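Dock chain B against chain A, hints included.
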Amino acid sequence: MSNRVNPDIKKELRKFGEGDWNDCFNCGNCTAICSLTEKGILFPRKEIRTIQMGLKSKLVSNVEPWLCYYCGECSETCPRDANPGELMMAVRRYLTKIYDWTGLAGLFYKSKLALFIAFLLVLIGVIAVGYAKGFQTEALMEFGHLFEQYLIIAVFTLIILPNIFHMFWLTIVKQKVKAPIFSYITGFWQLIWNMFTQTRSLKCETGNFRWFEHFLVVIGYLLLLLTTVFLGWFSTENTFIIWLGYIVCALVFILTFDFMIDRLRKKSEVSKFSHHSDWLFVIWLFLLGLTAFIVRLFVDTNLIDNNIWLYIIHLIVIAQWGILLVPFGKWTHFLYRLFAIYFAYLKKSALK
Amino acid sequence: MGENEMTGIFFCCNLNGNEDVVDIFEVAKNAEKNSTVTVVWYSTDIFLSNVKSFASEINKNDLKRLIIAGNKTGSVKSFLTEAMVIAGKNPKNILMADFNEYGANTKAETERAKAILECAILGIPFETASVPDETSVLTDTLVIGGGIAGIQASLEIANGNQKVYLLERTATIGGHMAMFDKTFPTLDCAACILTPKMVEVGQHQMIELLTYCEVKGVTGGPGNYKVRILKKAKRVNLASCISCGTCSEKCPSKTFSEFDAYTSLRKAIYIPFPQAVPNKYLIDADSCIYVENGKCGVCVKVCPVDSCINLDEKDEEVEITVGNIIVATGFKVFDAKKIERYGYGKYPNVITSLELERLVNAAGPTAGDICFRKPDKKGNMVFTNDNEKPKSFALIHCIGSRDENYNKYCSRVCCMYSLKLAHLIKEKLPDADVFEYFIDMRAFGKGYEEFYDRIKEEGVNIIRGKTAKVEEENGQLLLRTEDVINDSLIEQKVDMVVLAVGLEPREDAVELAKMLGISTSCDGWFLEANSICDTVDTYTGGITIAGVCQGPKDIPDTVAQASAASSQVLKSIINGKIRKSIKDLSYNKIVSNAKEFSK
Numbered sequence: 001m002s003n004r005v006n007p008d009i010k011k012e013l014r015k016f017g018e019g020d021w022n023d024c025f026n027c028g029n030c031t032a033i034c035s036l037t038e039k040g041i042l043f044p045r046k047e048i049r050t051i052q053m054g055l056k057s058k059l060v061s062n063v064e065p066w067l068c069y070y071c072g073e074c075s076e077t078c079p080r081d082a083n084p085g086e087l088m089m090a091v092r093r094y095l096t097k098i099y100d101w102t103g104l105a106g107l108f109y110k111s112k113l114a115l116f117i118a119f120l121l122v123l124i125g126v127i128a129v130g131y132a133k134g135f136q137t138e139a140l141m142e143f144g145h146l147f148e149q150y151l152i153i154a155v156f157t158l159i160i161l162p163n164i165f166h167m168f169w170l171t172i173v174k175q176k177v178k179a180p181i182f183s184y185i186t187g188f189w190q191l192i193w194n195m196f197t198q199t200r201s202l203k204c205e206t207g208n209f210r211w212f213e214h215f216l217v218v219i220g221y222l223l224l225l226l227t228t229v230f231l232g233w234f235s236t237e238n239t240f241i242i243w244l245g246y247i248v249c250a251l252v253f254i255l256t257f258d259f260m261i262d263r264l265r266k267k268s269e270v271s272k273f274s275h276h277s278d279w280l281f282v283i284w285l286f287l288l289g290l291t292a293f294i295v296r297l298f299v300d301t302n303l304i305d306n307n308i309w310l311y312i313i314h315l316i317v318i319a320q321w322g323i324l325l326v327p328f329g330k331w332t333h334f335l336y337r338l339f340a341i342y343f344a345y346l347k348k349s350a351l352k
Numbered sequence: 001m002g003e004n005e006m007t008g009i010f011f012c013c014n015l016n017g018n019e020d021v022v023d024i025f026e027v028a029k030n031a032e033k034n035s036t037v038t039v040v041w042y043s044t045d046i047f048l049s050n051v052k053s054f055a056s057e058i059n060k061n062d063l064k065r066l067i068i069a070g071n072k073t074g075s076v077k078s079f080l081t082e083a084m085v086i087a088g089k090n091p092k093n094i095l096m097a098d099f100n101e102y103g104a105n106t107k108a109e110t111e112r113a114k115a116i117l118e119c120a121i122l123g124i125p126f127e128t129a130s131v132p133d134e135t136s137v138l139t140d141t142l143v144i145g146g147g148i149a150g151i152q153a154s155l156e157i158a159n160g161n162q163k164v165y166l167l168e169r170t171a172t173i174g175g176h177m178a179m180f181d182k183t184f185p186t187l188d189c190a191a192c193i194l195t196p197k198m199v200e201v202g203q204h205q206m207i208e209l210l211t212y213c214e215v216k217g218v219t220g221g222p223g224n225y226k227v228r229i230l231k232k233a234k235r236v237n238l239a240s241c242i243s244c245g246t247c248s249e250k251c252p253s254k255t256f257s258e259f260d261a262y263t264s265l266r267k268a269i270y271i272p273f274p275q276a277v278p279n280k281y282l283i284d285a286d287s288c289i290y291v292e293n294g295k296c297g298v299c300v301k302v303c304p305v306d307s308c309i310n311l312d313e314k315d316e317e318v319e320i321t322v323g324n325i326i327v328a329t330g331f332k333v334f335d336a337k338k339i340e341r342y343g344y345g346k347y348p349n350v351i352t353s354l355e356l357e358r359l360v361n362a363a364g365p366t367a368g369d370i371c372f373r374k375p376d377k378k379g380n381m382v383f384t385n386d387n388e389k390p391k392s393f394a395l396i397h398c399i400g401s402r403d404e405n406y407n408k409y410c411s412r413v414c415c416m417y418s419l420k421l422a423h424l425i426k427e428k429l430p431d432a433d434v435f436e437y438f439i440d441m442r443a444f445g446k447g448y449e450e451f452y453d454r455i456k457e458e459g460v461n462i463i464r465g466k467t468a469k470v471e472e473e474n475g476q477l478l479l480r481t482e483d484v485i486n487d488s489l490i491e492q493k494v495d496m497v498v499l500a501v502g503l504e505p506r507e508d509a510v511e512l513a514k515m516l517g518i519s520t521s522c523d524g525w526f527l528e529a530n531s532i533c534d535t536v537d538t539y540t541g542g543i544t545i546a547g548v549c550q551g552p553k554d555i556p557d558t559v560a561q562a563s564a565a566s567s568q569v570l571k572s573i574i575n576g577k578i579r580k581s582i583k584d585l586s587y588n589k590i591v592s593n594a595k596e597f598s599k
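As they're listed, the protein sequences go chains A and B. Take 1 as the starting number for the first sequence in our numbering and just add one per residue. Take 1 as the starting number for the second sequence in our numbering and just add one per residue.
Chain A with its partners taken away, still in its complex shape (with noise of 0.2 Å):
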């Protein structure tokens, strides 16, 4: 397959992340230092020889860029201070816009403005239709627990399927990958486990209380989709799931208040650099967090139908978080990362 070179692709991913692309001499130093790379598997500098040359096609057939977890050990021993931790960060977000069809996820992630204006946008949204419910209580809980139904439903089938195929499209079929069909399935397997556990990254230098933080917020995430969309939390009698909501929402809340502290601070590497997808991704989600664990709270003393903008609030940050941030914001980089440990399984499978 020929390649073209593309001069504007280095201009094009400035604006996904911090960092200049032409600091690095390809000694190869954050290769060999990460624990994550294998035969067959190079990553960062094949990534940032590959921008560095201006080539587009090569890069969006990658899926090296989503196997990182950015530790960041790579940077601080670059002998270039070129940062390639950041410069992978910058690709997986280049990616996401590749990816999305709707082209929104690049454009929110270049432009502070559109963003603004998407949210602004949701936010009336679920002011208005408070109004047309008349700002009743129950006929606004009720709507809300259809609506993040439809919601997960119509962003899965619209947008999320769509950009997991195109992937597939970009890693897989374009690049005449032969797996064996059998491999599929065991592949299948990995995918489901990585998604609970994300194992992958013990092997990483930030060691193992980083992944537990995040795999007790991904457990939590998970948990709390499953005890308010489907097991209606906020209306529920069953004492268990009650209990299972207050203590996924805390721990959802707690750890994102951690991870913020971690940004402000900028101590490891990993938290120097963030982009304002970073912050949107993280604060949404400890906002989910905490006005969830309110409203049931509020639920519980009695005081929800005097306090229905405690709620309205709570709607609107399901909202936002479900329209704009999961189909197009960094939730997204959490499937593909799933993905493309799949996709790199289907490689390393037809090689054999």
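To be clear, the hints were calculated from the coordinates, so they are not data collected in a lab. Model, not experiment: these values are computed from the prediction. Please note that the accuracy of each hint is not assured.
As the list claims (entries may be wrong) - The calculated PhoX-like cross-link candidates involving lysine-lysine, where the alpha carbons are at most 20 Å apart (straight line), are: (1) K226(B) / K577(B); (2) K110(A) / K346(B); (3) K469(B) / K203(A); (4) K197(B) / K163(B); (5) K15(A) / K52(B); (6) K97(A) / K10(A); (7) K112(A) / K52(B); (8) K52(B) / K11(A); (9) K39(A) / K469(B); (10) K176(A) / K11(A).
Then chain B, alone, in the frame of chain A:
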């Protein structure tokens, strides 16, 4: 040129918590007296990442020229160039007025900083405007440092029939070159080139050797320097010692040998190496038992010469008067312990290139055999000759060089000496596998590229990629490297890892520079008057620099620079006159010179 153009001045003020720096505000006030200077910025006020807003500042003031003043001016040049381009101005109109480069560092040198900036405003190069007067010169010369640079410079001047004091900190002249086995690219024996020169220095009537001495202070000025020298006590009488070695044989105290790069042990009373000049024994006070607690004196008892050893000898200070000083203090090798991931100091068989240099040397601790580092009976880690030989080697280039975390510069010699060491390993152990990991192969000199080809043909595996870490696995060392050309990851197990350590300025280089009144560049090497066409002179009259202390270089370049430095000295002696220091020129003198030129 350009003096009627609107000018903006950008001050780089890196105060670093240091109080004794040039008074930037006074310099700025003086510069603003010029009608063309319309704006002054300070780097502490400007947010140095927003190029566009800075470009609009330039346009708002309709500036045609920018002057960067202060220290480390080069660091903001690219930013200002970009801003000038965005503003639609000619980026060539950026002038530099670096205070450090022209020797204005302290508060007392504020006047000089003013002159440096004034010259830039007038558009005249500072070196053109600052031509000092001449004064008479004494014929004696002091050479500081007895390595190959100092030896060469001393011999050149002494052969010109002028008196030279050659001062050396250690007990023998010879320096780092005496430690090497072979020289690249011809693989000549280093000792065969050096030792005849050392002997010549030792016997030369015009050279007075001051070994085991240190410079304590310098007063006076160009043409007439008074140098205070500390003569450390050798505790052995140079005149009566017959170098029989009996004292050393019986001495009960052992310590690591500096000359063997700490790979072997020597006695407290010792001679650095058999060809040392002067070839006399001396006592190392740090390891001598008598010096420590007053109980021993074995050496005195066994010495066949009467009152040759005086254990109570004290250090003394002498003063000499010289006209010129040549500084040839050389370098120290990078401390590989600083980069923990290569395991130097943790794994005994990760060694530095200097240690290997001693191992392959026939006069070295193992008589030229390469063997493992093991603890001896007393637990000291030394190389002892036994039958077990390493079967595979890895040489890692650029340790501490070309690295933003340590030294940014290229040490210039490591590529070539690594190739040479690879060859020597192959010569000693033909069946050994040798792997070299490099970033870029810098074979820059005459015959060097051919040498590189030769080593490749000898079967050394030369791989492009920087090794990231060394770990121990089953008694062997595991290296992780990306082969950048073949896009593959190499996990190689070897028996011995050699770190090609770079060159660094000596720890006390700054102290010596202060004593002599010369400057150091930002990476710590002594600063030359001009990096292209005057690499041996400094801004201080009568002080020249030679060898690695000016910047990393190989032996041929060092020798050439030493000869160049001695020609500057001989020139002044023949003329009987020497230029005073540029740094002592007054503000008025420089500015009036500059105005003269700008007419």
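Verification of the hints:
1. K226(B) / K577(B): Between K226(B) and K577(B) the Cα gap is close to 18 Å, so the pair holds against 20 Å.
2. K110(A) / K346(B): The hint is violated at about 48 Å.
3. K469(B) / K203(A): holds (16 Å)
4. K197(B) / K163(B): holds (17 Å)
5. K15(A) / K52(B): At roughly 16 Å apart (the allowed maximum being 20 Å), K52(B) and K15(A) satisfy the hint.
6. K97(A) / K10(A): holds (15 Å)
7. K112(A) / K52(B): holds (19 Å)
8. K52(B) / K11(A): With Cα atoms ~16 Å apart, K52(B) and K11(A) stay inside 20 Å; holds.
9. K39(A) / K469(B): Given that 20 Å is the threshold and the Cα spacing comes to 17 Å, the pair holds.
10. K176(A) / K11(A): violated (30 Å)
Consistency note: the structure conflicts with the earlier hints numbered 2 and 10.
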